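The residues making up each chain are set out below.
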Amino acid sequence: MLINSISNLGDSTLKKINGTGRFTLFLSLCFSKLLKWPFPLKDTIKQTLFIGARTLPVILVAGLFTGMVVALQFYDTLIRFGSVDLLGSAVALSLIRELGPVMTGLMVIARVGSATCAEIAIMRNEEQFDALDCMAIDNHHFVMLPRLIAALISVPLLTAIFDVVGISGGYIVGVVIQGVSEAAFQQGMAETIVWNDVLMGFTKSFLFGLVIIWIAMAKGFYLHLDPNAHGAEGVSKVTTEAVVTSAILMLLVDYIISAFLL
Amino acid sequence: MANANTNHKIASPAVIQVNNLNAHYGKVQILKNINLCLEQGNILVIMGGSGSGKSTLMKHLLALKKPSSGQVLIEGSDINKINAKALAKQRMRMGVAFQGGALLSSLTVGENIKLPLHHHHKLDAKTIDIMTRLKLDLMNLGGAEHLMPSQLSGGMLKRAGLARAVIQDPKLLFFDEPSAGLDPVTSVELDQLILKLRSAMSMSIVVVTHDLDSAFTIADKITILNEGEIIITGTVDEIKQCADERVQNLIHRKARNNQVDGDKFLKHLTTGMQ
Numbered sequence: 002m003l004i005n006s007i008s009n010l011g012d013s014t015l016k017k018i019n020g021t022g023r024f025t026l027f028l029s030l031c032f033s034k035l036l037k038w039p040f041p042l043k044d045t046i047k048q049t050l051f052i053g054a055r056t057l058p059v060i061l062v063a064g065l066f067t068g069m070v071v072a073l074q075f076y077d078t079l080i081r082f083g084s085v086d087l088l089g090s091a092v093a094l095s096l097i098r099e100l101g102p103v104m105t106g107l108m109v110i111a112r113v114g115s116a117t118c119a120e121i122a123i124m125r126n127e128e129q130f131d132a133l134d135c136m137a138i139d140n141h142h143f144v145m146l147p148r149l150i151a152a153l154i155s156v157p158l159l160t161a162i163f164d165v166v167g168i169s170g171g172y173i174v175g176v177v178i179q180g181v182s183e184a185a186f187q188q189g190m191a192e193t194i195v196w197n198d199v200l201m202g203f204t205k206s207f208l209f210g211l212v213i214i215w216i217a218m219a220k221g222f223y224l225h226l227d228p229n230a231h232g233a234e235g236v237s238k239v240t241t242e243a244v245v246t247s248a249i250l251m252l253l254v255d256y257i258i259s260a261f262l263l
Numbered sequence: 183m184a185n186a187n188t189n190h191k192i193a194s195p196a197v198i199q200v201n202n203l204n205a206h207y208g209k210v211q212i213l214k215n216i217n218l219c220l221e222q223g224n225i226l227v228i229m230g231g232s233g234s235g236k237s238t239l240m241k242h243l244l245a246l247k248k249p250s251s252g253q254v255l256i257e258g259s260d261i262n263k264i265n266a267k268a269l270a271k272q273r274m275r276m277g278v279a280f281q282g283g284a285l286l287s288s289l290t291v292g293e294n295i296k297l298p299l300h301h302h303h304k305l306d307a308k309t310i311d312i313m314t315r316l317k318l319d320l321m322n323l324g325g326a327e328h329l330m331p332s333q334l335s336g337g338m339l340k341r342a343g344l345a346r347a348v349i350q351d352p353k354l355l356f357f358d359e360p361s362a363g364l365d366p367v368t369s370v371e372l373d374q375l376i377l378k379l380r381s382a383m384s385m386s387i388v389v390v391t392h393d394l395d396s397a398f399t400i401a402d403k404i405t406i407l408n409e410g411e412i413i414i415t416g417t418v419d420e421i422k423q424c425a426d427e428r429v430q431n432l433i434h435r436k437a438r439n440n441q442v443d444g445d446k447f448l449k450h451l452t453t454g455m456q
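Top to bottom, those sequences are chains A and B.
Here the first sequence stands for residues 2 to 263, numbered as in the numbering used here.
Here the second sequence stands for residues 183 to 456, numbered as in the numbering used here.
Worth double-checking, as some hints may not be accurate.
Stated by the list, open to error - In the DMTMM-like style, the derived pairs of lysine to aspartate or glutamate whose C-alpha atoms are separated by at most 25 Å in a straight line are:
(1) A:K47 - B:E257
(2) A:K47 - B:D365
(3) B:K403 - A:D44
(4) B:K263 - A:D134
(5) B:K353 - B:D445
(6) B:K247 - A:D139
(7) B:K403 - B:E257
(8) B:K308 - A:D12
(9) B:K248 - A:D44
(10) B:K304 - A:D12
(11) A:K37 - B:E257
(12) A:K43 - B:D311
Treat the hints as calculated values from the structure; they're not laboratory data.
If you're wondering where the values come from, they're calculated on a predicted model, not measured in any experiment.
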């Protein structure tokens, strides 16, 4: 009984190490294709439209409401201390440093991460990767690289838009609805936000984009190596795993970056 | 300095030569000591029941899987020992038509067929268009160029997959389950197409199937697999005259010798329930 438990633990640890190594190799192979000619520009534009442009409506709505809720919460807290003039800086700081990248990341996971993972897992199920191999077409160059580059471009841009819309939502609640001074709101923001805050937000969003697309692509690509993932059920299983894993990994990266840059 | 390709080149008249191939999935042996040979311009049909290892064997012939031991020589080169560049070159001389077509779902039928030409040949767009239309017409798919794979029927998907497989005029063609899921008429049409490809383009062809009629129509040689082992390789007549019970069962569509006695089975089920 005890030996069995130890054996199972060892087996599962080895599988995790093996899986981590495989995923790392997958990512390094994707990056190594950056130097391969010709660069798949058409597919990269197509993927940038899918990841960036088509996620924009979700980002606009989520950004607006997030900014409004944050402003409402801060207003309720700050008014107790007689510091409502700090509302602008509080909303902007929390959005630029933290909520913008994290909320955008979660939206991208929900819309793009799940779709990408499912698409790649179905490609694996339908032998499309085998077909590409047999045509001597490099999977990592042709399928993965455009998605990777598109995510690295799109997620920081979406985050920037989320921040702007969120701050506007905060402005609507703070200045228009609650009657906070417009000058105080704007001045507070301008005086508090420094380059380091923007850099932190950008670094986070760039790394979140990387984590999201990496996990989604690799989970789908290695579907066939999971002995418990077959057919449609397998696609659903790896997609769920990709969403959960990328969300957790994203929050871990969030903490690490915050700890380093604060 | 000799490159990896020439290092593993062995003089052989056969297009495909498989020597003592063994393959495992975990601890289970899937292929046992497989020896095969396909000569230039011939059609080899690999047959067997479900789970006999025929699709796994084809994946080994395509270097999609690595064997535990043994050799797969394609035009004299051991495809498991040559480097990636040499393997890519070898694959450009091969065409593969997968069971479900395996067309990329994000591309139109035309874009799918053009894919190998765009990647491996410096041809102008007009030439690529003409070549694509030629192959589409050959497969009776004229007008389907702008359709998405999801808009095609099963038979059309297979023919589109075949059009992509032959777009580079390969000398060696692999075909996985050409008749699976097709009506008898479409199945016969595909058989005729395979024979036409062999005669018109002098291709060597490997077909994996469990369709007897199709196998007897197109094969120069048939290899029958059972539980990962080759039972027999021979011409259609040799296969028909083979005395092996497993071969006769397969040819005459007889059930395996494990018929169930209803009373005994009921007794087995109810044992211990009272």
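Results for each hint:
Restraint check for K47 of chain A and E257 of chain B: not satisfied, since their Cα atoms lie roughly 40 Å apart, outside the 25 Å limit. A hinted pair counts as satisfied when its Cα atoms are at most 25 Å apart, and K47 of chain A with D365 of chain B does not qualify at roughly 38 Å. Between K403 of chain B and D44 of chain A the CA atoms are separated by roughly 44 Å; this puts the pair beyond 25 Å, and the hint is violated. The hinted pair formed by K263 of chain B and D134 of chain A meets the criterion: a straight-line CA distance of about 17 Å does not exceed 25 Å.
Restraint check for K353 of chain B and D445 of chain B: not satisfied, since their Cα atoms lie roughly 57 Å apart, outside the 25 Å limit. A threshold of 25 Å between alpha carbons decides the hint, and for K247 of chain B with D139 of chain A the separation of about 16 Å falls inside it, so the pair holds. This hinted pair checks out: K403 of chain B and E257 of chain B have alpha carbons roughly 19 Å apart, not beyond 25 Å. Distance hint between K308 of chain B and D12 of chain A is unfulfilled; the C-alpha atoms sit about 56 Å from each other, more than 25 Å.
Pair hint K248 of chain B plus D44 of chain A does not hold up; C-alpha atoms about 31 Å apart against a cutoff of 25 Å. A distance of roughly 50 Å separates the Cα atoms of K304 of chain B and D12 of chain A; the hinted pair therefore is violated under the 25 Å criterion. At roughly 29 Å between alpha-carbon atoms, K37 of chain A and E257 of chain B are farther apart than 25 Å, so this suggested pair is violated. Simply put, K43 of chain A and D311 of chain B have alpha-carbon atoms about 19 Å apart, close enough for the 25 Å limit, and the pair holds.
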